[in-house]
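*Asks:* Here is how the chains run, residue by residue.
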Amino acid sequence: MNKTTSIVLAGVGGQGILLASEILAKAAGFAGFDVKTNEVHGMAQRGGSVIGQIRYGEKVFSPLVSKGEATVLMSLERIEALRYADFLSPDGLAVVNSQVIIPTTVSSGSAVYPENAKEILKQSFKHLVYLDANRIAQELGNPKCANVVLLGALSTKLENLTPEIWEQAIRECVKPKFIDLNITAFQTGAKAPSEL
Amino acid sequence: MKQLLSGNEALARGMYEGGVTLAVGYPGTPSTEILENCAKHYKDAFRCEWAPNEKVALEVAAGAAMAGARACVTMKHVGLNVAADPLLSIAYTGTPGALVVIVADDPGMHSSQNEQDSRHYARLAKVPVLEPADSAEARDFLKKAFEISETYRTPVILRTSTRVSHSRSLVELGERQMPDREIGFQKDPKNCVLIPAFARQRRLVVEERLQQIQADNSDKWGINRIEKGSEKLGIVTEGIAYQYVKEVFPEASVLKLGCAWPLPEKLIREFADSVEKVLVVEEVEDFTEVNMKAAGIACEGKKYVPNIGELSADVLRASKAKMEGTEYQPCASCQNMADAPLPNRPPTLCAGCPHRGIFYALKKFDVDVVGDIGCYSLGVQPPLSALDTIICMGTGFSMAHGMAQSGQKRKVVGVLGDSTFFHSGITGLLNIAWNKANCTVIVLDNRITAMTGHQDNPGTGQTLMGEASDAADIAAIGKACGMKNIAEFDPLNFEETTAILKKSTESDEPWLLISKSPCVLIMKERVGNVRSIDPEKCKNCRVCVKTGCPAIECTDKNKPTINPLSCNGCSLCNQVCKFGAISE
Ligand SMILES: Cc1ncc(C[n+]2csc(CCOP(=O)(O)OP(=O)(O)O)c2C)c(N)n1
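Chains as they are written, first to last, in this note's numbering: chain W, 1 to 196; chain F, 1 to 584.
Same shape as in the complex, but just chain F (with noise of 0.2 angstroms):
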């Protein structure tokens, strides 16, 4: 019977039946759920571990790829910047067993801080990207990438995006069928140590593998199909976008693309020869209508179709009439809507959330905040609009270090949470006690991965698989790096806090700080009884809504209320409120 799976569920099962034998990865949205999957389901069948970061990851996965294995290593986009090294280079020598990099693009930005279109690493890298539309092609797609990486000896890149990924539909179920060979390392150092000398004999490899792979791609793969229709209209199309295609336009010849790098030229000029025009609609960038049109096939694409911005049939049927040179009419037949204006209602740091302590401590300094990315990049939400920047993982402590040494008179400090640390903070800070950079740095340990779901780290003392492991000390680490000055608090303690940011931004030495509190949504228990506050009391001052916790609730006519239900008792509003009108 067909079960309905997600695209990341569909990916987990390709791997379980594409035999694979070791799964990595790095959680970011919309890729997190493969790798949870395979532990779920399938951990008895194969060995899946999340890494510190997706450089790792990835090295990991070529590794098992080496010793002839299947292996697997997933990612979000902006994963791919942090493992583009081993990426790059690990397409000269390939590897004997199948090394496929599984990517999650983010059109429209749902949960990113950016929308790179990851099919300009397939081009860059000299590797072929494959993009399923919809869960029984993830999973289908998925066991040909073993194929074809096999087969020329070459990394294949998979990529999907967060319509694929999060959406579910209908996939008929298969069983694992393991590779016929033994896995182990044979030793081929022409062919896997890339010395200049070596290196520029793969190299000229590479370029020949790229064509072959070219060619395959328009005849034997069959991972491409033309739907015939009417001759007036071909369209190409890759991904997600094919379905919407195929709403906006049913009666078009449709050529849909599993594989468009290396571009199935042949293919698509025998395409393109049979139609009168031909668009490209292809979701982001304008990739395969550029390569196209540089191999000198004629098309529109991004004429009429956006490259902002994820697609829709809505989006779709804009593009449909522009092209037409009609005016669209966007949903003419459903309701209007309410004139009310509403509320915005963005997400928030959750009620009892320890980083709200840290951040609405923070606001009493005259201090620029040098943010990062996880749960506290809520932070920057007003009331507490704590960050100044964020940027990209690691950041937190780098950018703070540069921005110390900028000759700036404001002191400098950096925040990022514990899984970001072992990512990529650990280097930064080894840098700023190498360098003395005088700022201070802040761990936010909630001891779990939690903007993506809460995936164990190297700080949770559990792999993914459930085994126990020891727990990396970031205080140890601190000491290690050279930090001379490190102290640890709990972030729910408003004066403690208070007194610790002092002493450290009044300083003239690094410091690291580790803010120690687990996440409200890990912990069995709320952190404390739940508070209210005495409406005889309460003077209306609003302090405790300043805190920006969602269970504080006012409008512009009553007094805060604190609603039981969300409360997590974590004191902070009780800590704040200088009339004593909050309690248990």
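With the rest of the complex left out, here is chain W (with noise of 0.2 angstroms):
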């Protein structure tokens, strides 16, 4: 019955989940599909937890993921898809990023950051692709792309769109001097290993 294709992007304000929803919801449009995000904007921008969603089908009404509903999670932030699990499908992917950002609540010292988070990952989430992005960009040559790497990632799990559609969308959304770089580092986000 309801064929819409839901995907939600985690992390922390200001780590780039604009641009992947961007070429997402690019990719989603050019395969011919209805499609819907929505992003956040504001106050919550600055440094805070955030999450961009992503729907896609024949048609789309509400633009918000249900609970239990998304494709796929994936996560700039290794604690952040902890935070959102509760969206992902039952037999849905969690693509993380290994990166950790201490939110200023632990070092003020009232809260605790989770040491054994890669752990927690793996107890919670049956497909898990956990993976250091930002060092792979850094390798590609961009730190920055570490966003279009976890995309390529998720790509895996989204057989209605194809390679040539996900390199069109990038083409789009990013400047000209940047495609090349990008392509690559999506073509090897789509490349890591897709279990641990």
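Label pairs and their in silico Cβ distance ranges: (1) Pro163/W <-> Lys557/F: 42 to 48 angstroms; (2) Thr326/F <-> Pro163/W: 41 to 47 angstroms; (3) Lys3/W <-> Met465/F: 41 to 47 angstroms; (4) Asp91/W <-> Arg526/F: 42 to 48 angstroms; (5) Lys191/W <-> Arg526/F: 35 to 41 angstroms; (6) Lys40/F <-> Asn160/W: 28 to 34 angstroms; (7) Gly466/F <-> Val112/W: 46 to 52 angstroms; (8) Thr555/F <-> Lys3/W: 41 to 47 angstroms; (9) Asn160/W <-> Glu147/F: 39 to 45 angstroms.
In case anyone wonders, no lab produced these hints; they're calculated from the structure.
Where a beta carbon is used, it is the ideal one built from N, C-alpha and C, also for glycine.
Hey, can you piece these two chains together into the complex? The hints should help.
*Replies:* In structure tokens, the structure reads:
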């Protein structure tokens, strides 16, 4: 009945969720789907926890993803994936960047950052891709394309979007001089081990 | 080809296609990007301006519409409180050109201090309110609003919301069409001058106009639509709530209202008669439900649908279960959340933010700090915990005044930002000088409207369209208001800041302080060189952590370290470290 595909992107304000969301939405549009997205603007952007939501299919109504519905949950920071874990469907895929960003609540001593985050991630997600996208991006020459590396890993789960369509979307969304870099970043991410 | 546009981009597009010649507004989430997109894409087609506040913005737009132009004004919901005065009276005269007030509500208070429902203003002002449910409708309804405004000589409110404004969906673009008339004010005192004798006449016109609009809203406009489904349940809904209804009640008959006020009574009655029972699904207040009940149309609504917070398909599933008397299992299928408690990650002042300097220094004084709304609201979070009240724009000065005059012993300090100063701080300052309120008030002048994403304001020396302009001088304004004691200081210089705070708060006269240092996000370079902490010299006293800088990271086990990618080199940590452990 519900053939809508839903994706949740999580991270910390300023990490580049917006670009990832834009590429994904463009790709879905090029593939001929109806698309809706929702992004966080304003107050929550100042280093707070943020999510972006994308839904596509034949006809999409709500721009918001329901709990337990997402095909993929992608997180640019390791524990942010846990914050939004309940959006993921039981056989959904979690793509998680191993980066750690310590919240001020932890530095000021009023909260604790889970030490065994990787273990918790493994327990929480049946299908998990856990990778150091920042390192991969750095090796490709620009740490800023970590989000596109992750997008590549995410793309493996979205069979209705072909590599050609992804490439076309990347071309439209990034500045000309960064196109090649981002396409390589995407392809590298797509080759990341599908499970750890 | 269809384009993926956010609701706000689509509204900007609607202004372009609809032949607007002047768009005005004051920033405020979730409305801000409407005018930003006008300036980005259409500034060659029409003029767009930020105003110092919403009242001014609405009056500027009204002036253009009086001259026969199509004009739009944009603001967030609380902005309409500021602009309510002109709205309620321009509603009497109406304008020959179109006047559309775009107001963006924020159900769930993602970035706002309250959750007011702007539809009430439509009823109060006796003007229609249109509510799009996605980007294509945002563009279409705006163009419809121009027509309605001109046909009935009435201002029209277009109400959007966070999820309409900040969601993207596909829109088929159209051409720009200008109204076929020359722009120029036609003198017409009986209809444009609200002295009581004329206003009483207009009062009658307003009532007739509303009745006509109400009738036509049922029959003529084609902005409300019925989607026939099962006869067992009929749902009346509007705005973004429609999208959730379609997901959760796919079988139900739906009446989607594009204009809920004035209530299209005839249409709703027909719809209600065609189904066994009627449920009203609307976000926030029971506005339409109450109007329907007043019209004698049986329905239920807030009995099942929450009136607090925003709706979603998940929220509606719970409402549906309640209505059907079943147990709602929230996401029964989804994976168990990890048991480990997650640390909160609230938004914080950026690394290098000049506001941090003043708040850290203020902590050393026994004062009450009357705050205001802007990035500096983030100074409320621990460890700074620097603000004692935050209410609405302008209160940083005027409430400090009142507290100082209350007879209380403790000294009062009021703070607000540069954009807020121009918005509604100047009148408060004038009052402080005039009535000699013994308080210290501080303008946190970071040379930009930061919180809403860096818009120009009268102090930045540039307009929304990028034209150079003369920057308003805050100290000179203070002087002109009658302030005798005015001082400027660098908030990232801890010693200087502490000294001036001491001097002003120990004085028995009003003081205006201007904290001058630009927002780090608009600076092309770092404030200074990246700092680092020498672990040998560090005694783990954590004074630096108390500045609340997100670049300084530590856990309960390790000593603080500075993340070189985040550090902006403001040197505040360096200045407060007693052991000389921090250096470039
Ligand atoms: C009446 C009203 N209009 C708009 C807003 C949205 N808003 C919140 S803070 C702010 C401006 C803050 O700018 P400024 O005072 O310069 O402080 P900064 O964020 O730069 O520190 C605005 C426009 C609001 N809360 N209330």
